[in-house]
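Take these sequences, add in the hints, and give me the full structure.
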Amino acid sequence: MQGITKRQLLIAGAALGGLTASSRSGAQDMSAHERELYEAAKREGEITWYSGQYSAETSEAIGRAFTERYPEVRCNVVRSTSQVAFQRLSQDARAGVAQCDVFSSTNSGHFQLLKRQSRLLQFRPQNADGMLESIRNADPDNFFHTSFLGLFQLACNSQKVSEDEAPKSWTDLLDPKWRNQLAVGHPGFSGAIGVWAVQMRKMYGWDYFKKLEKNKPQIGRSSQDPVTLLNAGERSVGVAVPAATVLLSISRGNPLRLIYPTEGVLATIAPSGIIRNAPHPNAAKLFMEFQTGPHMTPVLLRYFADPLRPGSPPPEGAKPLDQIKLLAPSIEEQEKGVPEVRELWRDTFGV
Amino acid sequence: MNDTAAALPKPVAGQAEGRRGGLLRRLRYVEPVTLLWLLLVLVLLFLVAAPLLKLFSVSFQAQETGTFTLSNYATAYGRARYLDALVNSLTLGLASAAIAVLLAVPMAWAVSRTDMPGKGFTWAVVLGAFIMPPYLGAVGWILLAGPNSGFVNRFWQWLTGSEGTLFNVYSFEGLALVIALHSFPLVFIFVKAALDLVSSEMEDAANILGAGTWTAMRKVTLPLVWPSILGSFIIVFLETIALFGTPAILGIPARINVVTTQLWQFFEYPVRVEVAAAYAMPLLLVTIGLIAVQKLLLARKAFVSQTGKGGERRMIRLGPWRWAMFGWCALVGALSVAMPLLVLLQASFAKAWGRGISLDNLTLRNYHLLIFEHEMAMTSIWNTIWFSAAAATAAVLIALLVAYIVNRRLMPFGEVLGFLAMAPFVIPGIVMAIGFYAAYASPPLALYGTAALIIFAFTARFLPIAYANSSAAIRAVHPEMEEAARILGSGRLQAVSRITAPLLRKALLGGWLIVFIVASRELSAAIFLVGPRTRTMAVLLYDLSEAGNFEVLAAFGGLLLLITLVLVGIGMKLVGRDFMLRRI
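One line per chain: the protein sequences are L and B, in this order.
Residue numbering for the first sequence follows this note's numbering, beginning at 2 and increasing consecutively.
Residue numbering for the second sequence follows this note's numbering, beginning at 29 and increasing consecutively.
Because the hints were derived from the structure by calculation, they are not lab data.
Every value quoted in this text rests on a predicted model; they were computed, and no experiment measured them.
Warning: the hint list may mix true and false statements.
[To be verified] Residues on chain B that point at chain L, a partial pick, calculated with CB under 8 Å:
| hint | residue |
| --- | --- |
| 1 | D143 |
| 2 | G174 |
| 3 | S177 |
| 4 | E296 |
| 5 | P298 |
| 6 | W381 |
| 7 | I385 |
| 8 | E403 |
| 9 | P472 |
| 10 | A474 |
| 11 | Y476 |
| 12 | G477 |
| 13 | G559 |
| 14 | D571 |
| 15 | L572 |
| 16 | A575 |
[Stated by the list, open to error] Covered stretches of chain L, going by a simulated chain B footprint (3 or more residues, C-beta under 8 Å):
| hint | region |
| --- | --- |
| 17 | 222 to 228 |
| 18 | 341 to 352 |
In this text, a Cβ means the ideal position worked out from N, Cα and C, and glycines have one as well.
Here it is in C-alpha cells:
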C-alpha cells in the first residue's frame with residue numbers, strides 16, 4: 002500500500018517537475034566535458050557542500066537533484082547559517098583537516114577573504130557563460146561564482162496587519178507602533194542579515210539599529226527564523242526575510258504577505274567556491290557546473306527561489322527582477338563591514 | 029599484593045637466547061594485572077588528562093607563534109559583554125537550582141515519607157523529565173509560552189479576555205524554569221535517598237513534644253537531609269552553567285548571553301581556541317571548587333541518621349492534604365513532561381503549529397521530509413546509535429577494570445586510576461569538547477571529523493557514571509567467590525570473566541544503558557567535534573533549530589524520543605524498573 006503511494010508520488014513528481022524526467026536520461030544529454038568530470042567524480046564518490054545560501058529544505062532538494070543526475074556521486078549537504086558554515090570551515094582549517102569541497106555563503110566577503118588567503122581553487126564552470134549577464138562574472142580570476150540570488154525584504158502576517166497599516170519602507174519599522182511586533186535574524190549567524198545590516202548602516206547610520214532596538218524586535222538566528230514566527234502569529238512583521246521562504250510558506254497556506262520596501266530590496270548575489278585542498282576536487286567541479294547550469298533551475302523554481310539563468314519566469318507571486326529596485330553593498334564593503342556590524346549588533350542588542 | 033597466586037603456575041621458560049630472551053623472560057614474570065594497570069593509565073591519560081592539560085597550556089599560548097602569553101586572559105575578560113555572560117551564567121545557575129529544589133523536595137518528601145497516592149505516577153514523572161533532552165523541552169516550551177502564540181498564553185488571553193502574557197519563555201525566568209524542569213529529577217533522587225534513611229522515631233519525638241506534621245517536617249526531617257538538598261542544589265547549579273543547548277535556543281530571543289554561548293562565539297572566525305580555553309578556566313575552577321564543597325558537606329558526620337539500631341519507618345498520614353501533594357506532583361509532571369510532549373507531538377504533525385489542531389493543519393510532511401528526503405537525518409540517527417553504543421561499551425569496560433583494580437587493591441596507587449576515571453565529572457561538556465579539539469583535532473592525530481574523536485569524547489565524558497556504577501557493583505560481590513576459583517587453579521582474568529563478570533552482568537548492563545542514553549542526547553561535547561558525516565541527532569537538531577522550523581524540529585525530536593523510550597523499555601525489562609534512577 003505504502004509502496005504504491007510512494008511510487009505514485011515519484012511518478013507524479015517526475016511528470017510535474019520535469020527535472021527528474023530530464024535527469025533520468027541524464028547520461029545521454031551530457032556534454033563531453035560534463036561526462037569527463039562525472040567519470041572523474043565517480044572515482045571520488047561524494048562531495049561535501051557547506052552552505053548557508055538556500056533554505057535547509059531547498060538545499061536538501063538541490064543535493065538530491067544533483068545525485069539524481071549523477072547517481073554515483075553522493076552530495077553531503079551541510080546546511081547551516083552562513084556564519085556557522087564559515088565557522089565550520091575555519092575550524093577545519095585550524096585543525097588542518099580538509100572536509101569541505103564546495104563552500105557557499107550569503108556573505109560575499111567570505112570569498113574575498115578566502116581568495117586572499119589562497120584557500121580557493123581556480124575553476125571556471127563552462128555553464129557560467131549561460132547565466133544572467135549581470136551575475137556571470139562574480140570574480141574576474143574565477144575563484145568563485147554566483148550560485149545564489151536572493152531577495153531579502155519585509156513580510157507580514159496578513160491576518161494581523163492590514164495592507165494599509167503595513168510598513169512600506171525600512172524606516173517605517175522604527176515607528177513605535179511596531180514595538181514587540183518585529184522579528185529579525187542575527188548577523189552573527191545569518192550572512193544575509195550581516196549584509197543587510199551593512200546596507201542599512203550605509204543608508205541610515207548605526208543609529209537605525211539603536212532606534213530599531215527601542216521596538217524590541219525578536220531576534221532569532223537565521224534570516225528565515227521570522228517566517229516561522231509570522232506563521233505562528235508570534236510576531237506580525239518579519240524584517241529582512243528571504244522572499245523565497247515567504248513565498249513557499251504562502252503556497253502552503255500560511256497567512257503571509259510579501260512587502261517590497263520603497264527604498265529597495267536587499268539583493269544578495271552570493272557565490273560558491275571550491276576549497277583549495279578539497280578532498281573531492283572533481284566532484285566539486287561537477288557540483289559547480291551543476292549550480293551554475295540549467296538543472297538546478299527547476300529545483301529553485303519549485304522552492305520559489307530566483308533562477309540564475311535567463312529564460313525562466315520569476316517565482317510565482319514575486320515581481321520580476323527588472324521591476325524592483327535592488328540594494329546591495331559592494332563585496333569589499335561586505336568583507337569589511339560584516340564583522341563590524343556583528344560586534345555593533347551585539348553591543349546594541351545585547352546578544 | 030594478594031595476587032601472588034597468579035604468578036604461581038609459572039610457564040616454563042623457553043631457551044633463553046641472549047639479552048632479548050632475557051627480557052622476554054623477565055616480562056613473563058610481570059603480572060598481567062600490572063600490564064593492564066599500565067594500559068589503563070595510558071588510556072585514562074589519553075582520554076582525560078591530556079585534553080585538560082592541552083586546554084590549560086593552550087590558554088597561555090599566542091595564536092600564531094605558540095609563545096607564552098597572558099593576552100588570551102586579557103581578551104577573554106577584557107570586555108564588559110564577556111563578563112556579563114559570566115554573571116548571567118552564575119545567576120542562572122542559582123535560579124535554576126533554587127527552582128529545581130522547590131519543585132523536587134516536596135515530591136521527594138511525599139513519596140518517601142507520606143501516604144500520598146500515585147507514587148508510581150510520580151516516579152514516571154521524574155523518569156520522563158530525566159530522559160527528555162533539555163533542548164527538546166526548550167522547544168516545547170517555546171510552543172507553550174511564546175508570548176503571543178504560545179498555547180498557555182493564548183489560553184490565558186481567552187480565559188481572561190486580556191491582551192497580556194501569562195508567562196514569556198523568552199526571559200530570564202523562562203530560561204531558568206525550563207532548565208529547572210529538566211534538572212529537578214537529580215534533586216528528587218538525592219533527597220529521596222536521604223529521606224529514606226531517616227527513621228520515624230525522630231518525627232515521633234517531635235510529635236510527642238507537640239509539633240504537628242508540618243513543624244516536624246520543617247524542623248526535624250528536612251534539616252536531617254539538609255546536606256543532600258545542598259548537594260543536589262550544587263549539582264543542578266553546575267549542570268546549568270555547563271548547559272549549551274537551552275541557552276542557545278532560548279537565550280538569543282531572550283537577549284541573554286551566557287558562558288557557554290560566549291564560548292561558541294570564540295569559535296567564530298577567526299577561531300580563537302586560545303581565548304576560549306582561557307575563558308573556560310573559571311567554569312572549570314568553579315566546578316572543581318563546588319564539587320569539593322559538596323563532598324565535604326556529605327562527609328560531615330553530624331547528620332548521621334542511620335545507626336546500627338533499626339529504626340521504624342511509618343508513612344505519615346496526610347489526610348486530605350495527600351491530594352494536595354499529589355496535585356503538586358501532577359503539576360510538575362504536566363509542566364515538565366506532559367505539556368511539552370503534547371505540543372511537540374502536535375507540531376510534528378502540523379503544517380504550521382500556530383494554527384492549532386485541525387484537520388487541514390494535519391500533515392505527515394515533516395516526518396516524510398526527515399525519513400525520505402533529508403540527506404543527513406537518517407545518517408545522524410545511525411551515527412547517534414553507534415557512537416553512543418561504542419562509547420558506552422568503552423566506558424563500561426574501562427570503568428569495570430579500574431573499579432576492579434581499585435576495589436580489590438591489586439596495585440599500589442590504584443586510587444590514582446579511580447581519581448582519573450572520576451575527574452571528567454568536574455569538566456563541563458563544552459570545555460571537554462574544546463580540550464579534545466585542541467588536543468586531537470589537528471595532526472599528528474588529525475582526528476577532526478572522525479567518528480573516533482566523538483566516541484573518545486563521549487567515553488571520557490560519561491566515564492564517571494560508568495565508574496560509579498561499576499564500583500558499586502563490584503563492592504557488592506565478595507572476593508571470596510573469586511578466591512574459591514583461584515584456589516581451584518583458575519587465573520585472575522579467568523576468575524573475573526567466569527565468576528565476577530556474570531555476577532555483575534545486570535548492574536553493568538544498567539550502567540551501559542544509562543551511558544548510552546545520556547550519550548545519545550549529548551550536545552555540548554559533540555558541538556565542536558562533528559564533521560559533515562559524523563553529525564549526531566543532537567547536533568542536527570541544533571542545526572535545524574537555527575531556522576526556527578519547529579515543525580520539522582519537533583518531528584526529529586519525536587524520533588529521538590522514540591529511540592530513547594525503546595532503550596529505556598529494554599532497560600526496564602532486563603535490569604529492573606528503576607535502573608535509571610538508582611544511582612546517577
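Q | Violating hint indices (sorted, rising) | A | 1, 7, 9
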